[in-house]
Amino acid sequence: MIVLFTDFGTDDIYVGQVKAALLKRAPQGTAVVDLLHTVPNFDARAGAHLLAALYPFFPAAAVFMAVVDPGVGSARDAVAMHADGRWFVGPDNGLLSVVAARAPQAQLWRITGRAEDLSVSFHGRDLFAPMVADIAGGQLTSGCLQELPALSVQFGPDDCAEIIYIDHYGNALTGLRAESLARDTRLGVGDVSIAYARVFAEVPAGEVFWYANSVGLVEIAVNRGNAARALGLAVGDSLTLKRS
Amino acid sequence: MIVLFTDFGTDDIYVGQVKAALLKRAPQGTAVVDLLHTVPNFDARAGAHLLAALYPFFPAAAVFMAVVDPGVGSARDAVAMHADGRWFVGPDNGLLSVVAARAPQAQLWRITGRAEDLSVSFHGRDLFAPMVADIAGGQLTSGCLQELPALSVQFGPDDCAEIIYIDHYGNALTGLRAESLARDTRLGVGDVSIAYARVFAEVPAGEVFWYANSVGLVEIAVNRGNAARALGLAVGDSLTLKRS
Amino acid sequence: MIVLFTDFGTDDIYVGQVKAALLKRAPQGTAVVDLLHTVPNFDARAGAHLLAALYPFFPAAAVFMAVVDPGVGSARDAVAMHADGRWFVGPDNGLLSVVAARAPQAQLWRITGRAEDLSVSFHGRDLFAPMVADIAGGQLTSGCLQELPALSVQFGPDDCAEIIYIDHYGNALTGLRAESLARDTRLGVGDVSIAYARVFAEVPAGEVFWYANSVGLVEIAVNRGNAARALGLAVGDSLTLKRS
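Residue numbers (the numbering used here), protein chains in the order written: chain A, -6 to 237; chain B, -6 to 237; chain C, -6 to 237.
Just so you know, not all the hints are guaranteed correct.
Since the list gives no way to pick one copy over another, a pair counts as held whenever it fits inside one copy or between any two copies.
[As the list claims (entries may be wrong)] Derived DMTMM-like pairs (lysine to aspartate or glutamate); straight-line CA-CA distance at most 25 Å:
(1) Lys17 <-> Asp184
(2) Lys17 <-> Asp127
(3) Lys17 <-> Asp77
(4) Lys17 <-> Asp230
(5) Lys235 <-> Asp127
(6) Lys235 <-> Asp77
(7) Lys235 <-> Asp70
(8) Lys235 <-> Asp177
(9) Lys17 <-> Glu195
(10) Lys17 <-> Asp110
Think of the hints as simulated: they come from the structure by calculation, not from any bench.
Just chain A, same shape as in the assembly (with noise of 0.2 Å):
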């Protein structure tokens, strides 16, 4: 199974691209599929926190391309990684860092070989998409691939006190994992002091509350409503911890 984590946009010209360059490649019969491609606009940073909650919901087998590359073009490195039974292969901007930091072992290569046709601009359709598509088929040759004793952004393992993404619903995930926060915690977040609940069912309609969401992170919610609309929240804020 192929993963794709991106800020493509899924309404764009963009993953139709990468998944014709896949499908290429890739051996007949491949799953391709999309985990998300609106990872905030440039911010490898969020993306990494995100990436590190959601790939344990896919299988040991899956490819990750983690694509969040602002610096296309630049200097930056192309790596892949073997980190928690899973592949990644992504830029060396701190995307992979958190997975790495966190997994008990992480192995990293550098991705030397390039596509001949390489564009300056799109180098998820014609240096990334290939090599997924090599590792999914078993076929890494290691001529392109020279082993690296470290990513050169790192993020480290520890949790990010900031909202990380909003989703269509308006709930604010942050960059907090539940298991390590004490349920009597109050997250603060501009002017606003907030409690926990277990579940949406348990607050009244319109109230805001925090919960430890489906892939193990500290969400902000309201039930039947917009955190997002309702507090004003968006990527980047700052949170603060507090025990009541």
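Since the structure of chain A is already known, use the hints to place chains B and C on it.
For chains B and C alone, coordinates are given in the frame of chain A:
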């Protein structure tokens, strides 16, 4: 064929996780088709009328995963239904009830088996997707299904004289079936009274009309324009009918 | 491979129905790739220039279903075209005409067979999809095709000095092919005059530039910013060219 009909959003983190869960258990090569992920948020009634209009365009072997589920985590039941040759799986909150009420016969089961690692907020991934995959594979085991005489929430077979969906052209789909409406009927919404036309090309650019759309519903449109914006239409707006 | 290029919207009820119609008739295992469903609404001319830029990134065996069809239900013809090794199926309203004009050779047929249950408003599902599936399966029967000497609506082979698409980053794609434009050309749009840069990383954050994008078109962008919002750009805006 598995068909997805949800309010999970086309460009969010939810559909990809559902697909991974489906692919894990469904027979290899099962097609998964995204019918709609933008059912109006939390609106089981609008969803019920949309689903009843849309499902006939899918083959008899299709298994629909229909999830619009504001009550996730509360006591609402999960159900499987066999009606008009197709399978439908979803929450027992009315979403499947218009299909059920209009079908000559509908067999119903409560889903009693529960995944061990069932999240409280994402039954689409953890409960419905595995059930849908099993049905698609003919692996339906009676162990986790209990026959049900009737759905708990029933919207009935009648048409819904409201706007139930606004598409990206700005066309407003209603819950009225066009075959039951005389062509000299004028449709009232707010202060506006709207006459019938057979097809877009029959009215001047910019003119409002209603027509029998491609799934058999009455739809309000503006030739080469945006009806929702021009008339200020929203999902839930009431409609009146008057013979002219 | 079947490739979809439409203005049906990514998150609407139309694409899923098209896919069901395709899967019903196409050979098992045929890949269906969504290239674009957000061609500017009703804009066959912008679509024609986009399609001409995009199709070379798909394999020679690809069958394109290209539908931007404001005249559906009127007298416009439906056509099939074989050009540059690919198949294209769509309305004869100019959408296929830039590909046709630039290809060394284009064979054209009018689609004369009509599905019995042809809707008046959704030929994508009822007419074009079955034809595309048949071509993908090599089942093209001459019974429903009539040779055509030329398309009715022709935009010609020339570039289009307008903005033809704005992507989700806010980059504005033009109908100008970059290979024909000297790098010292300044691009004028409204009151603004824009200079060339090779790549995003070569200009400071926030600066406007034009570059040769990954599909060979001239594109207006802002490094780490939103060019369309910054400059108030819209599809259809005219461009001027001036050597500096």
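These are the hints, each one checked on the structure:
Proximity of Lys17 to Asp184 under the C-alpha cut-off of 25 Å is found in neither arrangement, the shortest distances being 52 Å within a copy and 44 Å between copies. Taking identical chains as interchangeable, the C-alpha atoms of Lys17 and Asp127 lie at most 25 Å apart whether they share a chain (10 Å) or sit on different chains (22 Å). Proximity of Lys17 and Asp77 under a CA criterion of 25 Å is satisfied inter-copy only: 18 Å between copies versus 28 Å inside one chain copy. When the C-alpha separation of Lys17 and Asp230 is checked against a cutoff of 25 Å, the pair qualifies neither within a copy, at 41 Å, nor between copies, at 36 Å.
Taking the shortest alpha-carbon separations for Lys235 and Asp127, neither the intra-copy value of 48 Å nor the inter-copy value of 45 Å comes in at or below 25 Å. Taking CA atoms no more than 25 Å apart as the test, Lys235 paired with Asp77 passes in neither setting, with 33 Å inside one copy and 55 Å between copies. In this assembly of identical chains, the alpha carbons of Lys235 and Asp70 never lie at most 25 Å apart, being 40 Å within a copy and 37 Å across copies at closest. In this homomeric assembly, Lys235 and Asp177 come within 25 Å of each other (Cα to Cα) only inside a single copy, at 9 Å, whereas the closest approach across copies is 58 Å.
Taking the shortest Cα distances, Lys17 and Glu195 never come within 25 Å of each other, neither inside one copy (49 Å) nor across copies (32 Å). For the identical chains of this complex, Lys17 and Asp110 are intra-copy neighbours only, at 15 Å inside a copy versus 36 Å across copies, given an alpha-carbon limit of 25 Å.
Hints 1, 4, 5, 6, 7 and 9 from the list above are not met by this structure, while the remaining hints are.
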